[in-house]
Amino acid sequence: MPSVSYRVISNEIISNDNMWVMKVAGDFNARAGQFFMLRAWDKYPVLSRPISVHDLGDGYIAFMYRVVGEGTEILSKLVKGDDITLAGPYGNGFPVDLTGKIALIGGGMGVAPLLWTAKQLNKPDVYLGFREEVLLENEYKAAAGNLVTKIGGTILDDVDYDAYDYVFACGPLGMEKALVNMAKGHKAKVYVSLEKHMACGMGACLVCTCFTSKGNKKVCKDGPVFLADEVLFDEL
Amino acid sequence: MNYSFDLKEVSFKNPVIAASGTFGFGHEFSKEYDLNLLGGISTKGTTLEARSGNKGQRSCETPSGMMNSVGLENPSMEFMLKEEIPFLQKFDTVVLANVGGNTIDSYVKAADMADKCEGVHIIELNISCPNVAHGGMAFGIEECPAREVVGEVHKVVKKPLVVKLSPNAHNLVKVALAVEEAGADAVSLVNTFSAMKIDIRRRKSVFNNLYAGLSGPAIRPIAVRMVNEVYKAVTVPVIGLGGIVSGEDAIEFIMAGASLVQVGTANFMNTSACINVIQGIENFMISEGINDLSEIRGIVK
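Residue numbers (the working numbering), protein chains in the order written: chain A, 1 to 236; chain B, 237 to 537.
Heads up, some of the hints might be wrong.
List of simulated lysine to aspartate or glutamate pairs, EDC-like, C-alpha gap at most 16 Å [to be verified]:
{"id": "1", "chain 1": "A", "residue 1": "LYS184", "chain 2": "A", "residue 2": "ASP222"}
{"id": "2", "chain 1": "A", "residue 1": "LYS217", "chain 2": "B", "residue 2": "GLU309"}
{"id": "3", "chain 1": "A", "residue 1": "LYS77", "chain 2": "A", "residue 2": "GLU139"}
{"id": "4", "chain 1": "A", "residue 1": "LYS217", "chain 2": "A", "residue 2": "GLU230"}
{"id": "5", "chain 1": "A", "residue 1": "LYS196", "chain 2": "A", "residue 2": "ASP160"}
{"id": "6", "chain 1": "B", "residue 1": "LYS345", "chain 2": "B", "residue 2": "GLU379"}
{"id": "7", "chain 1": "A", "residue 1": "LYS23", "chain 2": "A", "residue 2": "GLU139"}
{"id": "8", "chain 1": "B", "residue 1": "LYS291", "chain 2": "A", "residue 2": "ASP229"}
{"id": "9", "chain 1": "B", "residue 1": "LYS291", "chain 2": "A", "residue 2": "ASP160"}
{"id": "10", "chain 1": "A", "residue 1": "LYS43", "chain 2": "B", "residue 2": "GLU384"}
{"id": "11", "chain 1": "A", "residue 1": "LYS187", "chain 2": "A", "residue 2": "ASP222"}
{"id": "12", "chain 1": "A", "residue 1": "LYS150", "chain 2": "A", "residue 2": "ASP162"}
Read the hints as simulated data drawn from the structure, not as lab findings.
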């Protein structure tokens with residue numbers, strides 16, 4: 001999927017801790033949990049930034065990101081009409097074709113892909129944990145069957161793991177590890193979206209390898225979504 | 237206009253090779269552009285036995301570059317030859333099998349297997365990987381082990397043998413001369429620079445292995461100098477690499493003495509980087525009225 005240049009529609013800060021949502025114009029097709037490689041600069045910084053699909057609709061795609069370094073800093077400076085290069089979608093997303101009762105769990109930046117995920121499912125229950133404030137409550141509420149939010153603490157305590165057939169989760173590694181332990185012995189089968197430093201984003205360079213019970217997998221190409229039981233979390 | 241180059245019996249249609257470790261076995265990039273356009277492709281570094289690679293964080297971005305600590309993750313030489321090379325064989329481009337190892341015996345066996353595979357045109361012996369605990373770069377640091385491993389591999393290899401050198405060598409020119417004497421048909425340089433990145437909050441190295449390999453535009457001026465030094469010392473062709481992003485960058489390496497160039501980290505900056513470099517070389521030749529790259533090769537001494 002060669003890189004293509006698109007136009008920014010809007011780019012707004014949505015939180016006190018530097019989280020942003022950027023909308024880009026174009027007709028896109030992406031599964032929930034897939035990502036694009038974003039670039040709005042020429043040679044430096046060297047690497048493009050892998051950002052998951054936050055939302056997708058008629059004539060636009062949206063990305064939610066937090067400014068943490070040079071690349072996201074540049075992204076945050078883009079305004080309506082600016083060019084941005086997107087390559088993708090890459091990776092395998094969440095298995096949205098599964099039937100059964102599904103809960104989505106997001107923590108921190110991990111809430112980003114769950115809006116588009118909720119929209120691709122039939123009103124799943126959505127559990128979101130935030131650091132300081134609840135973000136985009138109306139958007140998530142519209143896509144969710146039941147929306148549960150929490151500020152601080154852990155949203156994992158709010159989920160009944162016997163009430164669901166599947167749980168799709170995205171959040172910090174520590175949260176995902178804790179989730180795997182909490183869900184153990186319960187009905188819900190857990191899928192997690194993993195994050196690792198990437199370079200190529202498409203499966204060539206092997207810097208984002210994840211060790212699983214089924215051998216080495218590439219987070220960018222085989223993931224970022226994996227069946228949690230297969231991930232060797234202690235070796236990540 | 238001629239920018240082709242023959243390394244013994246192997247003809248490169250243009251001087252640009254996709255560098256080992258940045259291009260996998262070509263599948264991903266074949267979806268980006270026509271691989272027939274490339275002068276050559278150097279495979280992901282492959283060892284006799286499969287390797288799982290390093291644990292922990294494997295890459296980090298640096299000013300104008302990146303560091304990696306993949307640790308030669310690969311599916312084994314047997315697997316590569318059976319499952320990956322047939323795909324590359326479909327293209328009209330030179331295939332370099334990048335061979336790693338940790339003992340002389342494992343280098344010899346792996347190189348021998350690659351040499352006997354029809355789809356492999358050149359053996360690129362990697363004695364310069366900084367990311368594996370035993371072997372790899374250990375062979376490329378001093379002249380003696382370098383001479384020994386290349387000599388043993390040379391005995392079994394009939395195809396052109398390229399030796400990929402480490403910029404971390406204590407005396408790069410001496411290592412280059414040693415591998416030439418041991419039978420190398422060409423040398424490629426430079427592999428990554430051993431480097432360090434510290435996570436100051438955790439007070440630890442970012443990498444489990446402590447050090448990792450630095451690549452990208454940040455190392456380019458040092459790589460050009462090293463290519464020049466080696467070019468002036470050896471008689472075999474030199475393949476230059478280290479941070480090449482554009483045709484102009486490649487021309488610098490050629491003026492420093494390189495016969496061929498490799499493009500690595502730039503593949504992550506722009507998936508069409510190799511194609512841009514080829515195009516850039518063509519444009520430069522046209523605008524400067526250069527008919528053959530030999531007119532400018534090693535012109536700066």
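Here's how the hints hold up against the structure:
At most 16 Å may separate the alpha-carbon atoms for a hinted pair to count; LYS184/A and ASP222/A exceed this at roughly 24 Å. In summary, the hint linking LYS217/A to GLU309/B is supported, as the alpha carbons are separated by about 11 Å, within the 16 Å threshold. For the proposed pair LYS77/A and GLU139/A, the alpha carbon gap of about 24 Å is over 16 Å, so the pair is violated. Distance hint between LYS217/A and GLU230/A is fulfilled; the C-alpha atoms sit about 11 Å from each other, no more than 16 Å.
With a C-alpha separation of about 29 Å, the suggested pair LYS196/A and ASP160/A falls outside the 16 Å cut-off, and the hint is violated. At most 16 Å may separate the alpha-carbon atoms for a hinted pair to count; LYS345/B and GLU379/B exceed this at roughly 22 Å. A distance of roughly 15 Å separates the Cα atoms of LYS23/A and GLU139/A; the hinted pair therefore holds under the 16 Å criterion. At roughly 19 Å between alpha-carbon atoms, LYS291/B and ASP229/A are farther apart than 16 Å, so this suggested pair is violated.
Taken as a hint, the LYS291/B and ASP160/A pair is broken in the structure, with Cα atoms around 34 Å apart against an allowance of 16 Å. Our distance criterion of 16 Å between C-alpha atoms is broken by LYS43/A and GLU384/B, whose separation comes to about 41 Å. As the CA atoms of LYS187/A and ASP222/A are separated by approximately 25 Å, the hinted pair breaks the 16 Å bound. Restraint check for LYS150/A and ASP162/A: not satisfied, since their Cα atoms lie roughly 21 Å apart, outside the 16 Å limit.
Checked against the numbered hints above, the structure breaks hints 1, 3, 5, 6, 8, 9, 10, 11 and 12 and satisfies the rest.
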